[in-house]
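Residues per chain are reported as follows:
Protein chains: 2
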Amino acid sequence: MKNNVDRDLPEDVMADLNYQPFKTTEIGHPEIQRVAPKVHVSTGDDKVVTDIKQVVKDTLQDGMTISFHHHFRNGDFVFNKVMREIIDGGYKDLTLAPSSLTGVMNDMVIEAIKAGTITHITSSGMRGSLGDFVSHGGLKNPVIFRSHGNRARAIEHGDIKIDVAFLGVPNADALGNANGMEGDAVFGSLGYALMDAQYANKVVLLTDNIVSYPNTPASIKQTQVDYVVKVDKVGDPDKIGSGATRFTKDPKELKIASTVNDVIVNSPYFKDGFSFQTGSGGAALAVTRYLRQAMIDNHIKASFALGGITKPTTDLLNEGLVDKVMDVQDFDKGAAESMHTNKNQQEIDASWYADPDNKGAMVDQLDVVILSALEIDTKFNVNVMSGSDGVIRGAIGGHQDAATAKLTIISAPLVRGRIATVVPDVTTIVTPGDSVDVLVTEYGIAINPKRKDLQEALGNLPGVPVYTISELQQLAEKKVGQPKPLEFTDRTVAMIEYRDGSIIDTIKEVKD
Amino acid sequence: MKNNVDRDLPEDVMADLNYQPFKTTEIGHPEIQRVAPKVHVSTGDDKVVTDIKQVVKDTLQDGMTISFHHHFRNGDFVFNKVMREIIDGGYKDLTLAPSSLTGVMNDMVIEAIKAGTITHITSSGMRGSLGDFVSHGGLKNPVIFRSHGNRARAIEHGDIKIDVAFLGVPNADALGNANGMEGDAVFGSLGYALMDAQYANKVVLLTDNIVSYPNTPASIKQTQVDYVVKVDKVGDPDKIGSGATRFTKDPKELKIASTVNDVIVNSPYFKDGFSFQTGSGGAALAVTRYLRQAMIDNHIKASFALGGITKPTTDLLNEGLVDKVMDVQDFDKGAAESMHTNKNQQEIDASWYADPDNKGAMVDQLDVVILSALEIDTKFNVNVMSGSDGVIRGAIGGHQDAATAKLTIISAPLVRGRIATVVPDVTTIVTPGDSVDVLVTEYGIAINPKRKDLQEALGNLPGVPVYTISELQQLAEKKVGQPKPLEFTDRTVAMIEYRDGSIIDTIKEVKD
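The listed protein sequences correspond, in order, to chains A and B. Here the first sequence is numbered in our numbering, starting from 1 and rising by one per residue. Here the second sequence is numbered in our numbering, starting from 1001 and rising by one per residue.
Please note that a few of the clues may not be correct.
Here are some chain A residues pointing at chain B (derived, C-beta under 7 Å) [unchecked claim]:
| # | residue |
| --- | --- |
| 1 | Val35 |
| 2 | Lys38 |
| 3 | Val39 |
| 4 | Val225 |
| 5 | Lys301 |
| 6 | Trp352 |
| 7 | Asp364 |
Because the hints were derived from the structure by calculation, they are not lab data. Positions of the beta carbon are idealized from the N, C-alpha and C atoms, including for glycine.
Make the full structure from the sequences, and use the hints.
Structure representation (structure tokens):
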């Protein structure tokens, strides 16, 4: 069975899991019956407990689906605390359905898989030892990778039915009113976790900071919460910020960022009231810096900035260059703090951010997005999931979702060390080329041939050579040569869903 | 069939509507499967329309359930505009399920009933010509009266399944992000309407003020909205405020208010961190004034004030005498404006306010509430629904819900003109005596015998005579005599649900 991006899909697994092959990036107008949780009624007076083990005992049974959020990133203390009790409790055959998995969770997930505690996983991504473990066949059932918007969709459809959500928060009152903005371990927006709070049958908050009732603003509400577990520390504030908080000084990255800015500024979308998502990382910060200057120079203001938010973006808000920041997650302390003080920085849940199956998500209104790539191929298909060795080492994140923007720019170096980024065929298709418009490399840009308008607008920019994507691929190949083909077994270790829940690709077990 | 407050219930109607008789005010710990709406998927780009008729045609079919909110109160222009199109469109057999009905809607509802357009109604209340019409048998099927918390419960259970919600808002962007705080016709909290926005299959916003995208704060979200209808005016700002905005000068009302304050201050609940709900009307404002002084004198601050909010209550917030205002509706412009500027005034939906079937509502945490009564009987049962002539002229509002407070005070004059308020048996039981603690009249107070602790605390207050409720009833009867018994036919014109959805009483057709 092949799907519309020409990937062979394993018919047995597709049938077992009741999957459809990916067809199109168009979502259309289906009518969707949403699902709702079971609620165990209470007046809410006895929610505070200190014994995680007891809460696990009261809520969990073999075969259930459990969830966590990843807003603490590598500063997370919650996942390991809870999973320790679950493994030690001897629970079996659980489905792990977090918003994503970060490196600090890897050892515990592997232990839980080996113990038979976790037998199914759905996540935005995985990296490091866990990606390696799964790619080498460590988990019997294929991992289901879903974008943030698709996870929201899957929860709202009932494809993911969370029995118990364990959600760490930097503050909560005794009934469970909580937000991500105050306390020691602040991370700002609770965007991804809001889905779990709304849809899980049982919601367990963990916090090191029980505040007086009623706690406001209440991003998570007492009407959603069953238990409030007091713990010593929910997270390490120093490790919550993800990656770069300073502009890159790498000349290659600066060149790419400056070219990305040229593409944006010369596109038809750079006008008063435009909107953008830049993402995180040193290069993204550099793009934001260039964009800021261009907005000042051209007297242009943005209506909104979207997505994972960084301080340089909230600086634009505070400068008045951006009217609203629509915030599903904050990548650094500065962005998290700004959410607390600037009422134009609106917390949004993952559904509002990117669920394709609703009445309009923020990404549907997005003009410009800059996304990264591990690989991009001559059909503009993008891989952000598997490495050049075929091993899982990435995350879909909002990649497929934000690629619905009117101008989707992939920003990536032509080669990384001895490895080509622009390739004949990506190892794993995450985002279909159909939703990608421009590739920006340090050598120049390639424009998706279906975008004649952009060919025209961007065809003759000074200092921005335009290539076909095949030319860029050949240039990359000339520099680093042709890699030896990867070898995989027939066994499927992961399914990559497109944001509509169809299968865009699979990942096979790597052959050593 | 009799229920636990000794009311005869019509077995045929009870069976037809699948109702249980009222048993107890205890909600217990049932496990509830919630329901969820159908969502018609769209990117949200074509929501703005100007033709109400076309929207009605696109969304409505015979037999459906439609809803409205009553936050505009008698300044509402939305209900009549929409119902005009629905009646003229010839639709039949609709269920009207608004959060409540205000006087300005009465003529149109009667016309719709006569036309066969509306055949079923559920509401918090009705007054004036509509109450009269229904009490005289104008609607074939019994009206279902539900408290605000019970309406939330019924929506979350699927007892009320809203097909199309028509919601007026003072602002919205083109995708439907909206709040109640900005524009000409502001009313502050959208508390009741948030239930409709979340649970209706189709949500139609009507506004006279389309603002730039994205509109924040978004109490109603684009993910919930199907249409944004631009109209000339959604409401009359001068008629949105309900009733009194000034303290009463009526000596009887002042005496009652001052005694209410004495009861609160001498109760075990008046201590730092206590919480209260005072409601609206001149007497409630007077209570708030007395309470303010008592709080200052005793160095006591409240953790929260709840409910329908008035400016004197938000003044307490701004003075620092109250930490949080939990706001399901605002009764005047001052309170609505304060919500915009004071982040400690938190908008809450009707479920969070008072739904008994969740994981804790605000009313479950309430220490003190002051409620009104049309009648209260010697079992402390309260009627806020039917007049002394047996005609429907009231609303449950949050009466049953807030009566779950630790100290529930009914504040009412002993007699009104030639009519006794304290009676042997109320015409219609809305709130069972079991949840009422103290009656305060201008002559003195009566304490529910089951509250020995309050008998002790309040038994010897200077200037606060304590009577049994029977003594107060006899005193009232002495003043105004025994009224002629009301005469009703056998026909049931309304069912009064308790907040758990059981039947606490019915209203019969009045015999002329």
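Consistency of the hints with the structure:
Of the supplied interface hints, the one on Val35(A) holds, with its beta-carbon coming within about 6 Å of a beta-carbon of chain B, less than 7 Å. Proximity of Lys38(A) to chain B holds as hinted, the smallest CB-CB distance being about 5 Å (cut-off 7 Å). Because the smallest distance between the Cβ of Val39(A) and any Cβ of chain B comes to about 5 Å, under 7 Å, the interface hint for this residue holds. A least Cβ separation of about 6 Å between Val225(A) and chain B falls short of the 7 Å threshold, and the interface hint therefore holds.
The interface hint given for Lys301(A) is violated, since its Cβ lies 11 Å from the closest Cβ of chain B, which is over the 7 Å cut-off. Because the beta carbon of Trp352(A) sits about 5 Å from the nearest beta carbon in chain B, less than 7 Å, this interface hint is met. A distance limit of 7 Å between C-beta atoms decides the matter here; for Asp364(A) the minimum to chain B is near 4 Å, and the interface restraint holds.
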